[in-house]
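Two independent chains are provided; combine them into the complex using the hints.
So you can see what is in the structure, the chains are spelled out below.
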Amino acid sequence: MQPFKTHTGIVAPLQRENVDTDQIIPKQFLKRIERTGYGDFLFFDWRFKSDGRPNAEFELNEPANRRATVLLTGKNFGCGSSREHAVWALRDYGFRVVIASSFADIFANNCIKNGLVPVVLSSDKVAALMTRAAAGPLSLKIDLEQCMATAQDGFSCPFQMDPFQRTCLLEGTDEIGATLKCLKQIEAYEASRQTFGSVNC
Amino acid sequence: MRPRSLFEKIWNNHTVAADLNGADLLYIDLHLLHEVTSPQAFEGLRQAGRKLRRPDLTFATLDHNVPTSTNRMIINDVLASSQVEALRRNCAEFGVPLFDLDSPDQGIVHVIGPELGLTQPGMTIVCGDSHTSTHGAFGALAFGIGTSEVEHVMATQCLLQKKPRTMLVNFTSKLGPGVTAKDLILALIAKIGVDGAAGHAIEYAGDTIRALSMESRMTICNMSIEAGARAGMIAPDEITFSYLKDRRLAPSGKQWDPAKSYWHEHGSDPGATFDKTVEFDSASLAPFVTWGTNPAMAAPVTECVPYPEKAANESSRNSMARALEYMGLRPGTPMEEIAIDRVFIGSCTNARLEDIRAAARVIKGYRISNRVQAMVVPGSQKVKHAAEQEGLNRVFQEAGFEWREPGCSMCLGMNPDRLNPQERCASTSNRNFEGRQGAGGRTHLVSPAMAAAAAITGRFTDIRAWHYKD
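Residue numbers (our numbering), protein chains in the order written: chain A, 431 to 631; chain B, 265 to 734.
There may be inaccurate statements among the hints.
To be verified - According to the in silico footprint, chain A covers these stretches of chain B (three or more CB under 8 Å from chain A):
1. 307 to 316
2. 342 to 350
3. 409 to 420
4. 456 to 462
5. 562 to 571
6. 695 to 704
Simulated from the structure, these hints should not be mistaken for lab results.
The beta carbon of each residue, even a glycine, is placed where N, CA and C say it ideally should be.
This is chain B alone, in the form it adopts within the complex (with noise of 0.2 Å):
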């Protein structure tokens, strides 16, 4: 047989009916809802007089825009709170498990989902959220769709899609102290552009992905969608079944053996083809910072804020110089003198215990700077109970960071959790779009060691320099 694609196995194992007028009816393992994307969906069901085809594949939990206060069972917003009430009844009609604000399950969709043992290798999974690509660090085809998408799988189960074409990202050669897969990732997108992926599924192989933890691996796929990719991939190993071994939510007991041999014949077979692929040599990798209002606008930490001049054609001159001006840059800055005013540590791309851990032990001993205010938002309650039952908690707040409940919080600051104008950010998150974490507030995207130093030092700090006191 030819030698096949992870991708190309994930999409033939699914399709239900091949080449509707060009489009494939895929049929989807996972449907994971939130209270922000799937409201019209319900509504939409409910006019047709339509059922939800398959509640027991279906899971929601609330994220996107509760509070992360302490005391956070009363929204004060009303429009947030009738969006919270709305999920819950839909849930409540539809027969939809819901892992509420109680529960001690609760937590941003793609944390919760790997956590639970819900991803699994070889599975379609779909949510009405652009960062579902997170799921495919467990070799499943994991992508977002808009809301009428998440009403026809909610009617069917499936979903008409129009194959994308594939790019292989190979990565080799070890990655060095202190550089992270979010270096990585946001090393890629400066290379390649924001919409370097675009109509393609990305597969990530090599030898510094396979080093990887699962947590690395979920924020570099977590972020394929900021390269303009359909989705991202890493093919399944040992490092993969033993994350998922005991969660709760995977086959267990008997079903255990049988399941890793099918996850097992998820890679990529020896000699399948590409339409694209781009090497990169991760040795030389530097931790990167966002200077702009896009992903790809990042460099190392080393370096200076980049002259518009400089750019290749006039529209990147333009949007350099867009950016600049938005983000109250100058050109020729060293990227370790911006000083910052505000520290995020959260998000679906890195709100995970690796994450917290991380940040963790570079502020151990440490108090932040008088001019910054920071904040940590686990991913998930079990990353938060995990962090409190290895003391992280108290590392935070004796540093002089407020400890969080879990929820997507400030990187798109749907909540009150939010910048104020012209306040500069390092955040862990993945978007650094104008006014995403707050209208006229000013992202800079870095890892959680990355943003952890800044909080310390007020500005962005080399942590590869970084005296640890642990």
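So here's chain A without its partners, still in its complex pose (with noise of 0.2 Å):
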């Protein structure tokens, strides 16, 4: 996975509570057996009508927002699924960093795996945010070094992070090969470890 360090880009404002997994993917894109080209479907059924015409009033076909980097939005945001589909998604169609003031614990989770930068700021920090992207683009960087955002127009917010999903996004560890290093505690670990019989079917 590339490290990732800092990011500027443009904020589209999604001013949404508790966002599910459902929505940010919906199932039928689910039976692809690859992990690439999600990105068309994101956000699918707000984004388009049911004869397949983007969604006018749908906050990322505004003009403003096609070229949006940074996903802003309210609490809890990727609740619901287990599904990576709903990062993948994220990540194909552009996006760098989510902000919000919460997200559910699955979804921060394959966030960090795929390199896309779950940011968690106070609510009154994202409305502030919010309030900003909707007079006009707002261009946000995100530096991950110095956990913080920051505006040209000055708006300038420390965020802190758990330092383990920090630190496998600064370095894009491959959590995997990490894990292997460990060999010699898991096997110390299976040798011991309790069991009741072997099972077998």
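Right, here's the structure in full:
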């Protein structure tokens, strides 16, 4: 995975709470066996009308938001299903950062594995950014080394991230490779682990 | 020694390496796979030239996208079929036992794990599915993971995890007649919110829980994720042990007694502390029905659709107004006046034998409403077979229900079982998100008995006043 240090991009505001992964990528697009190509289906039922034409009222379809790479949204983003396809779709569409006042746990884990940066800001700060982004294209810089979000208009806000998640993103860690370095400990654990007869099918 | 919670005991017992940059490396005792979230993980393993570390601790089934029609060995949906084929090929290549469509053990992954005796107290269990929390009903630490984590477990049999905080939910008093585990968990989620348990592992305790069957306990743990919880768990007791006795893949013979005493250690010690505690009196609980587009948007069947203007703040007001518009509901409408088009009895939440029996008891001697189309999708082949042995399939069919083959079905509509736009469904599943059961479909979550009663009357009906004809 590519290490992430900083990113500067246009903010797309999506003023909703509890956006679930069924909305981010509906079930009909989960039948593919690849990791790529999900961007066209991102927010499918919100982005497109039932006749297939773009829904002009949906935030991401606004001309100002078409180049956005930072998604700004309400609390508990990514709740519901564990489908990693939701993160693949956001990445494939072009998002590098999602800012929300909170994230669902499995979704946040999935973000880290794919270099999508989940930034938690207080609901007040999210609201302040929503107002700025609604007023015109807002370019925001996310600096993960400094843990700082800054805009050209003077907005500046530090954020916190779990040290494990931050390190994975900054270093682009191959987690499986890192865990396999603990192979001796895994083997030692296996040698002493509690079992009650082998399971045979 | 300091008193420890059930969660802490399992976490500590499974820590292979502590505090790697703030995360612990946990050993995983049981890894369950299905066709939708595993193909990319197998492919990743293959590309990196890695082996599946413990095929003996890995089991797979087909459930999410499979048709539930009788003749389903040929799947017409090309993409679904290729996903099914991919799982078959992957399981053959990596040596994973697969409960295929023709297996008497096939079923929804969270129904068959317990049924086979794979799910046991004290274990760590993962699956690429958020409803893995179901297995916590046995006193296991069980949680859903994404596909990258599935690949991680395949390669290492371990997961790097940040330790969640703990929450105790204490349910006290006896449930009234007709009030079920489903109502209990819906009421809890309505109380604490869809993110009320985010970042936490919940332990459900109290005399209400102790009186519940394993199947009801599974319903409760299943929906922990709908409150945002990382996991939900219940300390094992005699009810747990007698459920496990003689299950095919559970310890048996000389292994049984040592296993049972090991399991016995898995309860929270008196005085164990939790980061959060919620007290819930179950005595006056009424059956619950959801009215909105997330599981916390729920109310007792005796109440009315709420008014958004009475919401606590602007953002909830907007969410409620949006939800009611999607659901096509007017504030102030009594829940019992909401007419439905479809009924779905199924899913990993409520498609075990106890659920099927409860629904059958309600409909016995009745016909479903002319305006309703209704289906029962048993959670597994074993559930289906056991219900058929009791003649319950005939009860449903005589009432006008379809009796189908096991799978996830219309809980998420990946297979052909779907709602049409604007169709309103009383569903025993776990999510009422927009479009969950089909684009534009309107889902109301209820218990199996409430779904059955709605099928008969064509609207939500308080099951506590039901006239049973058995």
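Going down the list of hints, with the structure as the test:
no., hint, result
1, 307 to 316, "holds (count 3)"
2, 342 to 350, "holds (count 5)"
3, 409 to 420, "holds (count 9)"
4, 456 to 462, "holds (count 3)"
5, 562 to 571, "violated (count 0)"
6, 695 to 704, "holds (count 7)"
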